[in-house]
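Enquirer: Residue numbers (my numbering): 553 to 789.
Bear in mind the hints are in silico, worked out from the structure with no lab data behind them.
Hints may be right or wrong, so weigh each one.
The list that follows gives simulated cross-link-like pairs (lysine-lysine, BS3-like), each with its CA atoms no further than 25 Å apart [claimed, not checked]:
no.: 1; residue 1: LYS707; residue 2: LYS690
no.: 2; residue 1: LYS585; residue 2: LYS639
no.: 3; residue 1: LYS596; residue 2: LYS585
no.: 4; residue 1: LYS596; residue 2: LYS581
no.: 5; residue 1: LYS707; residue 2: LYS581
no.: 6; residue 1: LYS590; residue 2: LYS785
no.: 7; residue 1: LYS672; residue 2: LYS707
no.: 8; residue 1: LYS754; residue 2: LYS684
no.: 9; residue 1: LYS754; residue 2: LYS581
no.: 10; residue 1: LYS684; residue 2: LYS590
no.: 11; residue 1: LYS707; residue 2: LYS585
no.: 12; residue 1: LYS785; residue 2: LYS639
no.: 13; residue 1: LYS672; residue 2: LYS684
no.: 14; residue 1: LYS596; residue 2: LYS684
no.: 15; residue 1: LYS707; residue 2: LYS682
no.: 16; residue 1: LYS672; residue 2: LYS682
no.: 17; residue 1: LYS754; residue 2: LYS672
Pair ranges (Cβ atoms, derived) [as the list claims (entries may be wrong)]:
no.: 18; residue 1: ASP621; residue 2: LYS682; range: 39 to 49 Å
no.: 19; residue 1: PRO637; residue 2: LYS785; range: 43 to 53 Å
no.: 20; residue 1: ALA752; residue 2: HIS670; range: 33 to 43 Å
All C-beta atoms in this analysis are idealised placements derived from N, C-alpha and C, irrespective of residue type, glycine included.
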Amino acid sequence: MRDRQADKARLHQFNHLTFNNLRFTADEKLLLKGVSGKLLANDKIALTGRSGSGKSLLLSALADLLALDSGQISYNDTPIEQIMPAKYRAQVALLTQSPAMIDGTVLDNLALPFTFRHHKARTLNMDWHKDKLAGFGKSPEFLHTSADTLSGGEKQIVNFLRTLQLNPSVLLLDEPTAALDPQTREVLTQMVLDWHTQNADKGAAFIWITHTPEQIGRLNEQEWVMADGQMTKGDGA
């Protein structure tokens, strides 16, 4: 039990996520070409670069969702292959542009994480969700909307709240506002910044892929730039 408690504490307190010489090939083409870098506690990173430069692949790799050819990723000096995937992904969460929804209502989708063993001891906080949805201009009735009728932007909102409610230590954001109007994009951006501030004591950090100049200026203290599968500006450049 002491080992499990120590492991939980070690993961919960984020210090750094290090990645060294990440290489990935698909269809005989090298897409990540020895990418290295280090995300530190409380970092706010804007990840930029042209389409196809490897940004999304890098975030997928850091989320342990990509079968790399070679390279090493470590969370607080522990190689991620030594951490149970469910425990790692509870702390390092990826939000994609096209989130998957299950059949059912918005509420069913928000409650989905709590059906998994790693989160079964936790429960969905309805008041929290109603408050956050109000920020997006959604009434409590939205919770009972069928998921298959949601717009692309609404799916991004649901996926964002489904992830944020779990309070990870690191957010990997792959253009989560791509389908949102400017006002809704600003609401989501502010929620991420609020999460970052409120969890500063545990080292909360994020990497955000964006192409919006005003969002880059709003988000980041640092900018990483990728080109042709390599980091050309940033910690690993």
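Enquirer: Let me make sure I understand: some of the numbered hints might not hold for this structure. Which ones are they, in numerical order?
Expert: 2, 4, 5, 9, 10, 11, 12, 19, 20
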